[in-house]
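S.K.: Following the hints, complete the assembly by docking chain B onto the known chain A.
2 protein chains.
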Amino acid sequence: MTKSPEAGRNASAEPRLLRACRLEPVDRIPVWFMRQAGRYLPEYRKVREQVPFLTLCKTPDLAAEVTLQPVERFGMDGAVLFSDILLLLEAMGAAVSFEEEGGPKVQVPLNEEKDLERLGLPDPEVELRFMMDAIRSVRRSLSPEVALLGFSGAPFTLATYLVEGGSSRDFRRTKILMYREPRVFRRLMDLLVKAVAECLEAQVRAGAQAVQVFDTWAVTLSPGDYRTYVLPFMQELLGRLKGIGAPVLHFSLGTSTLLESMAEIGAQVLSLDWKIQMGAARARLGERQAVQGNLDPSALFKLPEALEAEVLNILREGSEKPGYIFNLGHGIHPATPLESVYRVVETVRSFRLEP
Amino acid sequence: MTKSPEAGRNASAEPRLLRACRLEPVDRIPVWFMRQAGRYLPEYRKVREQVPFLTLCKTPDLAAEVTLQPVERFGMDGAVLFSDILLLLEAMGAAVSFEEEGGPKVQVPLNEEKDLERLGLPDPEVELRFMMDAIRSVRRSLSPEVALLGFSGAPFTLATYLVEGGSSRDFRRTKILMYREPRVFRRLMDLLVKAVAECLEAQVRAGAQAVQVFDTWAVTLSPGDYRTYVLPFMQELLGRLKGIGAPVLHFSLGTSTLLESMAEIGAQVLSLDWKIQMGAARARLGERQAVQGNLDPSALFKLPEALEAEVLNILREGSEKPGYIFNLGHGIHPATPLESVYRVVETVRSFRLEP
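The listed protein sequences correspond, in order, to chains A and B. Once you know that position 116 of the first sequence is 116 in our numbering, the rest is easy, because the numbers rise by one and skip nothing. Once you know that position 66 of the second sequence is 66 in our numbering, the rest is easy, because the numbers rise by one and skip nothing.
It is worth saying that the hints were derived from the structure and are not from the lab. Mixed in with the good hints, there may be bad ones.
Computed list of lysine to aspartate or glutamate pairs in DMTMM-like fashion (alpha-carbon distance at most 20 Å, straight line) [claimed, not checked]:
{"id": "1", "chain 1": "B", "residue 1": "Lys242", "chain 2": "B", "residue 2": "Glu24"}
{"id": "2", "chain 1": "A", "residue 1": "Lys105", "chain 2": "B", "residue 2": "Glu101"}
{"id": "3", "chain 1": "B", "residue 1": "Lys58", "chain 2": "B", "residue 2": "Glu127"}
{"id": "4", "chain 1": "B", "residue 1": "Lys321", "chain 2": "B", "residue 2": "Asp27"}
{"id": "5", "chain 1": "B", "residue 1": "Lys105", "chain 2": "B", "residue 2": "Glu90"}
{"id": "6", "chain 1": "B", "residue 1": "Lys105", "chain 2": "A", "residue 2": "Glu72"}
Ranges of calculated distance between the beta carbons of each label pair, as one might list FRET restraints [said to hold, decoys possible]:
{"id": "7", "chain 1": "B", "residue 1": "Lys242", "chain 2": "A", "residue 2": "Ala306", "range": "26 to 34 Å"}
{"id": "8", "chain 1": "B", "residue 1": "Gly120", "chain 2": "A", "residue 2": "Asp61", "range": "55 to 63 Å"}
{"id": "9", "chain 1": "B", "residue 1": "Arg39", "chain 2": "A", "residue 2": "Glu346", "range": "26 to 34 Å"}
{"id": "10", "chain 1": "B", "residue 1": "Arg349", "chain 2": "A", "residue 2": "Leu121", "range": "21 to 29 Å"}
{"id": "11", "chain 1": "B", "residue 1": "Arg39", "chain 2": "A", "residue 2": "Ala306", "range": "39 to 47 Å"}
{"id": "12", "chain 1": "A", "residue 1": "Gln235", "chain 2": "B", "residue 2": "Glu125", "range": "58 to 66 Å"}
{"id": "13", "chain 1": "B", "residue 1": "Asp115", "chain 2": "A", "residue 2": "Asp190", "range": "49 to 57 Å"}
{"id": "14", "chain 1": "B", "residue 1": "Arg39", "chain 2": "A", "residue 2": "Ala95", "range": "29 to 37 Å"}
{"id": "15", "chain 1": "A", "residue 1": "Glu346", "chain 2": "B", "residue 2": "Glu339", "range": "23 to 31 Å"}
{"id": "16", "chain 1": "B", "residue 1": "Leu338", "chain 2": "A", "residue 2": "Glu72", "range": "39 to 47 Å"}
{"id": "17", "chain 1": "B", "residue 1": "Glu125", "chain 2": "A", "residue 2": "Pro304", "range": "31 to 39 Å"}
{"id": "18", "chain 1": "B", "residue 1": "Asp61", "chain 2": "A", "residue 2": "Ala95", "range": "32 to 40 Å"}
{"id": "19", "chain 1": "B", "residue 1": "Ile176", "chain 2": "A", "residue 2": "Arg180", "range": "51 to 59 Å"}
Footprint (simulated), chain B over chain A, 3 or more residues, beta carbon under 8 Å [what the hints assert, rightly or not]:
{"id": "20", "region": "52-63"}
{"id": "21", "region": "169-176"}
{"id": "22", "region": "223-235"}
{"id": "23", "region": "247-256"}
{"id": "24", "region": "271-278"}
The model shown is predicted, which means the values in this text are computed figures rather than measured ones. Every residue gets a Cβ at the ideal spot worked out from N, C-alpha and C, and that includes glycine.
So here's chain A without its partners, still in its complex pose (with noise of 0.2 Å):
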């Protein structure tokens, strides 16, 4: 059903990544892996060996090679940049700390509406020079068959990085902004709003194709929450984004009840965990929303047959609409098997689809 006319090849000079993000038909299933540069590789662990994650984030050539190491190796349709999303709130004026163990933190929380003067919009071209400098650098490497793609946190998760300081449990300080200061909540997501636009739209003029925003700490509100605290903000996020011409791909995680209010944020693709069929989504989302998704990265772990016929099973699903991208449910675990990943780039590269 999504096939091109031109079987077999592919329909345009654009990525297929690109064309399954506008619903427009492609050759065959466009794949890549959340967190597909990382520490499962025997070729990133060698240059870890050098730098230290900061390091290898803030310095262009380093951050480049590491970002095209999958797309070498595997074959993948995209090519994600390597950075984090906390490097936006260090140009912010955050003070943010990168531990092995327990994951970033933000050195000082943000408490009251005074802590918000901390806080600026910065140049994406002068404080994250080294980002878009790593987007060009990858960019002139890349065949022009791969998507290159950006991304940032969303505005909900980098501010919960902000007033926790780190990950959370129940994020209950960020709750209690929001229901008891509704005032600095939405000073603070406004910022937030225009640095993660200024950021992204500096990424797609370095040259990347298409940009991802991470909404991974949206699995803590109700319905009801989302739809007061989130979704106003990222329609102003995506408004703010629709002259750039990249397709715009939505992550959340633990949100599959949530999905026909994330429909509405107007995000080209919406990216599905693991937590739903494939099939029950696609049709919850109609023939006019784009997803990707939504293989469970601990299915890596599985015996190769049980994890082909996974991988299939959300093949035939997911492709039974025009614009769906395979990818993982979150990232790529660190101690996956390489076989694992071979196999499934193989099986999706040969999935033939529907005439």
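M.R.: Chain B alone, transformed into the frame defined by chain A:
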């Protein structure tokens, strides 16, 4: 619609919470809170100043005292035994520890088949005698209007603690066992099904009138894996509990996309988290499935009017069909303001059911 003919008073001597579990008419919506005996209560903190957590669990009179505290203060319709799901694992032979930070731990995680030999089927009246004595003690003091609830971890959730050694972000070790050592996983789950069933039977013999089974970490599984690795064992468990004469409440979190599968377990009540509108959940589950929930515990930090509006919404949607119990979607937070709890309980108690 769920109003009893004898308006204004309870239709029988049986606690309204149990009547709701059985889809019978009630005079008003019953209410209790998960983790209602806990640190947000000054009288609980006072007891805890004297004794550590584990001593409290294992001293029947003290466990009974804190179990009764929220019932006395707020007039809850259920008293839930103060205990911990890992005590059953300890009784089975696992060395467990309870640290203030980082949650409970199993000291020597289960790695391979021979590690199963460390685990046995306990006699709840011997190894968990303190738990049964606490139930008997509560029962002696509890008003006949209030239901006494026992509980246990569900087999899958208990298995994750045994295999991971504690909580986990991705439950990779558990999944590798499931996928790669299905026979060992099945042996472990079979043993846990028996142990949980015998523990809950003993609780009911001691005086519990309903039992809740916590499957907190089922959140990690895809719909397909849930049906393969959890559902059959839960059905086996419910089969074993058929004769105990006490309704079973099923708790999980982040699983609203699996409601239809969970309904097949056969538990009288499904507990809903706050990621789904109560009305949508009831519509999907139909007339014959009682539910409880589903206020976000963080909503107790909302301003009073917003909190009350949210509770009323849930009450309206929950009470559209028989078989509804008001509860949080997860345990109450230790920092919760007491005024919020009073307000919620009062809102539920004064909510007029449609005739």
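S.K.: For every hint, state whether the structure bears it out.
M.R.: Against the structure, the hints:
no.	hint	result
1	B:Lys242 / B:Glu24	19 Å, holds
2	A:Lys105 / B:Glu101	18 Å, holds
3	B:Lys58 / B:Glu127	11 Å, holds
4	B:Lys321 / B:Asp27	14 Å, holds
5	B:Lys105 / B:Glu90	11 Å, holds
6	B:Lys105 / A:Glu72	42 Å, violated
7	B:Lys242 / A:Ala306: 26 to 34 Å	33 Å, holds
8	B:Gly120 / A:Asp61: 55 to 63 Å	59 Å, holds
9	B:Arg39 / A:Glu346: 26 to 34 Å	53 Å, violated
10	B:Arg349 / A:Leu121: 21 to 29 Å	50 Å, violated
11	B:Arg39 / A:Ala306: 39 to 47 Å	43 Å, holds
12	A:Gln235 / B:Glu125: 58 to 66 Å	60 Å, holds
13	B:Asp115 / A:Asp190: 49 to 57 Å	54 Å, holds
14	B:Arg39 / A:Ala95: 29 to 37 Å	32 Å, holds
15	A:Glu346 / B:Glu339: 23 to 31 Å	60 Å, violated
16	B:Leu338 / A:Glu72: 39 to 47 Å	60 Å, violated
17	B:Glu125 / A:Pro304: 31 to 39 Å	48 Å, violated
18	B:Asp61 / A:Ala95: 32 to 40 Å	50 Å, violated
19	B:Ile176 / A:Arg180: 51 to 59 Å	44 Å, violated
20	52-63	violated (count 0)
21	169-176	holds (count 5)
22	223-235	holds (count 3)
23	247-256	holds (count 3)
24	271-278	holds (count 4)
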